[in-house]
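2 protein chains.
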Amino acid sequence: MRGITYLLSAVVAMACVFMYMAQASERADAEAAPIFGIKIPPGYRDWRVISVAHEEGNNNDLRAVLGNDVAIKAYREGKLPFPNGAVIARLAWAYVSSEENNKVFGRAQSFVSGAPINVQFMVKDSVKYASTGGWGFAQFKEGKPADEALHKTCFPCHEPGKARDFVFTHYAASP
Amino acid sequence: MRGITYLLSAVVAMACVFMYMAQASERADAEAAPIFGIKIPPGYRDWRVISVAHEEGNNNDLRAVLGNDVAIKAYREGKLPFPNGAVIARLAWAYVSSEENNKVFGRAQSFVSGAPINVQFMVKDSVKYASTGGWGFAQFKEGKPADEALHKTCFPCHEPGKARDFVFTHYAASP
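Chains as they are written, first to last, in my numbering: chain A, 94 to 268; chain B, 94 to 268.
One chain only, chain A, in its complex shape (with noise of 0.2 angstroms):
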């Protein structure tokens, strides 16, 4: 019986030690992308709903937009500028009418998320990115970052965006 005991012990003391090392290499493989250096922040997908939205155009998708707790925090008080530390993740997938929805509706009017296209992040930090409004932007897909030309046109694309710290999204108010 102490046998067994030790031997359970011995196989959850591994099992932690593999979890451990399986999560430290995950960390250390993940690739940052260029200019602001972000990496996936670790757990992204858990974050809470900031907004959805639909880009018809070249983008043609659907979106979610998460913050981290810090840029929720911040949404929720109504405060400008976000403070360091908060993170905004925007999730696109593939716009795709669902066939089997529209069945039960007896019209096609069903569009859902179909398969991922990327995945972009904007990190606070106004001393570390001074020169970009105090933002740091980052786009992956699959997990790797997308190469340095397309993160020039961040910035750019985000300056019209100055009076509301260059943060496009509007926070969704519960139903």
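Keep in mind that a hint or two might mislead.
[Stated by the list, open to error] With a straight-line Cα cutoff of 30 angstroms, these simulated DSSO-like cross-link-like pairs (lysine-lysine) come out:
no.	chain 1	residue 1	chain 2	residue 2
1	B	K166	B	K221
2	B	K166	A	K237
3	A	K196	B	K234
[Unchecked claim] Some, not all, of what chain B presents toward chain A, calculated at C-beta under 8 angstroms:
no.	residue
4	A157
5	W186
6	N194
7	K196
8	V197
9	P209
[Said to hold, decoys possible] Have a look at the derived ranges for each label pair, beta carbon to beta carbon:
no.	chain 1	residue 1	chain 2	residue 2	range
10	A	E149	B	A266	20 to 28 angstroms
11	A	S224	B	P127	31 to 39 angstroms
12	B	K221	A	E235	39 to 47 angstroms
13	B	P127	A	E149	32 to 40 angstroms
14	A	D240	B	P176	38 to 46 angstroms
Everything labelled a hint here was simulated from the structure, so no lab data went into it. C-beta atoms are modelled at their ideal positions from N, C-alpha and C, and glycine is treated no differently.
With chain A fixed as given, assemble chain B onto it according to the hints.
Just chain B now, with coordinates in the frame of chain A:
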């Protein structure tokens, strides 16, 4: 000095009591939806994202589908049927063209979440809701439940989704 410490302790204790009372009264005041007797789950706006969607037609909305911890775990593990305790929330906002975003994109392509429309919940309890596939349904707008007639339409509409435990929304993978 000791007097100040006592005073501070008393203030903190009173603050805790008031916070508790405020939360308790929030729960007591909440009105239950007809038929299924569901109240708005506290903190649902903080739940994690299952997916996002857009409905045209009479709905004309943008929606976020969120899950409590039980629902998210089941989704990620691909488990069907959903276990008891799973709750899925569907938040809908008006589908609104964004003038400020369109200016930045240089074309009319951007649709964002406008005014809140309503929130719907599916609550899994295979005993309590045995006659409706193990799910209870509820719809609220600004904290007020919709009427009984509306709630009678929920299950018939979800019935075609029986093969996926009456849930239409698929989990959106991380980009």
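May I ask which of the numbered hints given earlier this structure violates, with the numbers listed in increasing order? 11
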